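Asker: Quick note, the sequences are listed as chains A and B, same order.
Per my numbering, the first sequence starts with residue 464, numbered consecutively.
Per my numbering, the second sequence starts with residue 464, numbered consecutively.
One should not assume that every hint holds.
Copies of the same chain look alike in the list, so a pair counts if it works inside one copy or between any two.
[Stated by the list, open to error] Once the Cα atoms are required to be at most 27 Å apart in a straight line, the calculated DSS-like pairs of lysine-lysine come out as:
| id | residue 1 | residue 2 |
| --- | --- | --- |
| 1 | Lys-477 | Lys-534 |
| 2 | Lys-534 | Lys-490 |
| 3 | Lys-532 | Lys-486 |
| 4 | Lys-532 | Lys-514 |
| 5 | Lys-514 | Lys-477 |
| 6 | Lys-514 | Lys-534 |
| 7 | Lys-532 | Lys-477 |
| 8 | Lys-630 | Lys-514 |
| 9 | Lys-602 | Lys-486 |
| 10 | Lys-602 | Lys-477 |
| 11 | Lys-476 | Lys-602 |
| 12 | Lys-490 | Lys-630 |
| 13 | Lys-566 | Lys-602 |
| 14 | Lys-532 | Lys-490 |
| 15 | Lys-584 | Lys-477 |
| 16 | Lys-566 | Lys-534 |
| 17 | Lys-602 | Lys-490 |
| 18 | Lys-602 | Lys-514 |
| 19 | Lys-514 | Lys-476 |
| 20 | Lys-486 | Lys-630 |
Because the hints were derived from the structure by calculation, they are not lab data.
Just so it is clear, the structure is predicted and the values come from calculations on it, not from any experiment.
There are 2 protein chains.
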Amino acid sequence: MPRWEVGSEERLKKAAMELFEEKGFEKTSVDEIAERASVTTRTFFRYFPDKREVLFSESDGLRAALVAKIKQSPHANEPLQLVSRILAEFDWETMGSRDFQRKRQALIAANPELLERDLIKLHSIAVGFSDALRRRGIKTPIAQLAGRVGVQVFLVAYERWLEVGHKADLASTGESMMSHLSRMIPRSL
Amino acid sequence: MPRWEVGSEERLKKAAMELFEEKGFEKTSVDEIAERASVTTRTFFRYFPDKREVLFSESDGLRAALVAKIKQSPHANEPLQLVSRILAEFDWETMGSRDFQRKRQALIAANPELLERDLIKLHSIAVGFSDALRRRGIKTPIAQLAGRVGVQVFLVAYERWLEVGHKADLASTGESMMSHLSRMIPRSL
C-alpha cells in the first residue's frame, strides 16, 4: 500500500471524526484512526503531529487567509467592524459542511484538551489581526481591542449559526451581535 | 523533614518562578523545583498536578470570587459594564506583587503550553460570568457577549497596567479601554 496515497489526509480526518464520535476523543487511539483510514500509523504522523491536530489542520492556512484581508482592506480605520466583517463574511463552508462543523464544535466543547488547542488557535487569529492592524497604522490598544473583541463577537455569532434550526446566515448573525454589543455600551462614555 | 511542612506551597511557587526565569519553563524539572524548595518531589505533586499548574494554583478560587460578585450585584441589567467593573476593581495585588505578575505574564506569553492553560482558565472565567448573568435573567447572546467581551477588554487593560512605567491604576485603565471600545462601534448600529 503506498504510504502517501492520494486522499489519505481526508480519510484520516473522516476516520478520526467518526471514532471520536463513536468512542469519545480520549478513548480513540492514533492506531485505530490509521486502521480505519486504511493507512499505517506512520502515515498518520506524516500528516499530523498528534491526535488533537486532526481537528485543527486547516488553522494555519485559515489564519493566514483571514489576516491577509486586513492588509488589503480600505477600511483599516474602522478596525472592529473590519475584523467582524472579515470573520462573518469568510466562506466557512470551505471548512466542511455545517453539520461537520457542528460535530467538531461539540467535540471541542466536551474535551478540555481540544478546547485548550482551539483557544490558542483562536488567540493566534486575534493576535494576527491586531498585528496586521498595527502595521496599518492603528494604535496598539485599539488594534488589540479590535482583534480580541472582534473574534469574541464572531464566536458568539458562530455558535448561534451552528445551532440546529438557526435560519439567518453568518454575516447577518454577526451584524446582529454587533448591534447587541453597541446597545450594551453606554453612550455617555 | 515533615512532608506537609508549613509554607511548602509558597516555597514551591517561589522556587518554580525562579527556576522558570533562570532556565526557562521547558528546561526546568519538577525534581529541581522540589529540591530548591527543600521538599520531596512527592510533596510537589500533593500541591500541584503538573508543572504548569504552579502558575495557576489560584485560578479556581479567583473564578469563584469573581463570578460570585455577579450574583450579588444590583447592576445585572448593565452586564458588560458589570463584568468590566468586577474585573478592573478586583484587588489583583492579592495575586502577588505587580512585579511578580509581570514576570508571570512574560513566562506565559513565551510558552505555548502555559498560554494554552492560561487561555482555558480565562475562558472558564468568561463562561462563569455568562452563566451567572443568565441566572440573573439576562438573555443568552447578551450574557455571552458580556462575559467574553468583558474579559477581553480587561485583558487589554491588564497588559497595559503591567507595563513598566504605566501610571494609571487598573480601574481607570479598564474604563479608558471601554471608552475606546465605545468609540469603535458605530452609533448607527
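Asker: Does each hint hold? Answer for all of them.
Answerer: How the hints compare with the structure:
1. Lys-477 / Lys-534: Answer is neither: 34 Å inside a copy and 44 Å across each miss the 27 Å cutoff.
2. Lys-534 / Lys-490: neither (43 Å within a copy, 38 Å between copies)
3. Lys-532 / Lys-486: This pair counts as neither: shortest intra-copy Cα distance 39 Å, inter-copy 39 Å.
4. Lys-532 / Lys-514: neither (31 Å within a copy, 39 Å between copies)
5. Lys-514 / Lys-477: Classified as within: same-chain Cα gap 13 Å, cross-chain 35 Å, threshold 27 Å.
6. Lys-514 / Lys-534: neither (34 Å within a copy, 40 Å between copies)
7. Lys-532 / Lys-477: neither (30 Å within a copy, 45 Å between copies)
8. Lys-630 / Lys-514: The answer is neither: 34 Å in one copy and 46 Å across copies each exceed 27 Å.
9. Lys-602 / Lys-486: neither (48 Å within a copy, 34 Å between copies)
10. Lys-602 / Lys-477: For Lys-602 and Lys-477, neither the intra-copy (43 Å) nor the inter-copy (36 Å) Cα distance is at most 27 Å.
11. Lys-476 / Lys-602: neither (41 Å within a copy, 36 Å between copies)
12. Lys-490 / Lys-630: neither (35 Å within a copy, 51 Å between copies)
13. Lys-566 / Lys-602: between (39 Å within a copy, 25 Å between copies)
14. Lys-532 / Lys-490: Neither: 39 Å inside a chain and 39 Å across chains, both beyond 27 Å.
15. Lys-584 / Lys-477: Answer is within; shortest intra-copy Cα gap is 21 Å, inter-copy 31 Å.
16. Lys-566 / Lys-534: neither (33 Å within a copy, 33 Å between copies)
17. Lys-602 / Lys-490: Neither. Shortest intra-copy (47 Å) and inter-copy (36 Å) distances fail the 27 Å Cα cut-off.
18. Lys-602 / Lys-514: Intra 39 Å, inter 37 Å, cutoff 27 Å: neither.
19. Lys-514 / Lys-476: within (10 Å within a copy, 32 Å between copies)
20. Lys-486 / Lys-630: So Lys-486 and Lys-630 fail the 27 Å test inside a copy (31 Å) and across (54 Å) alike.
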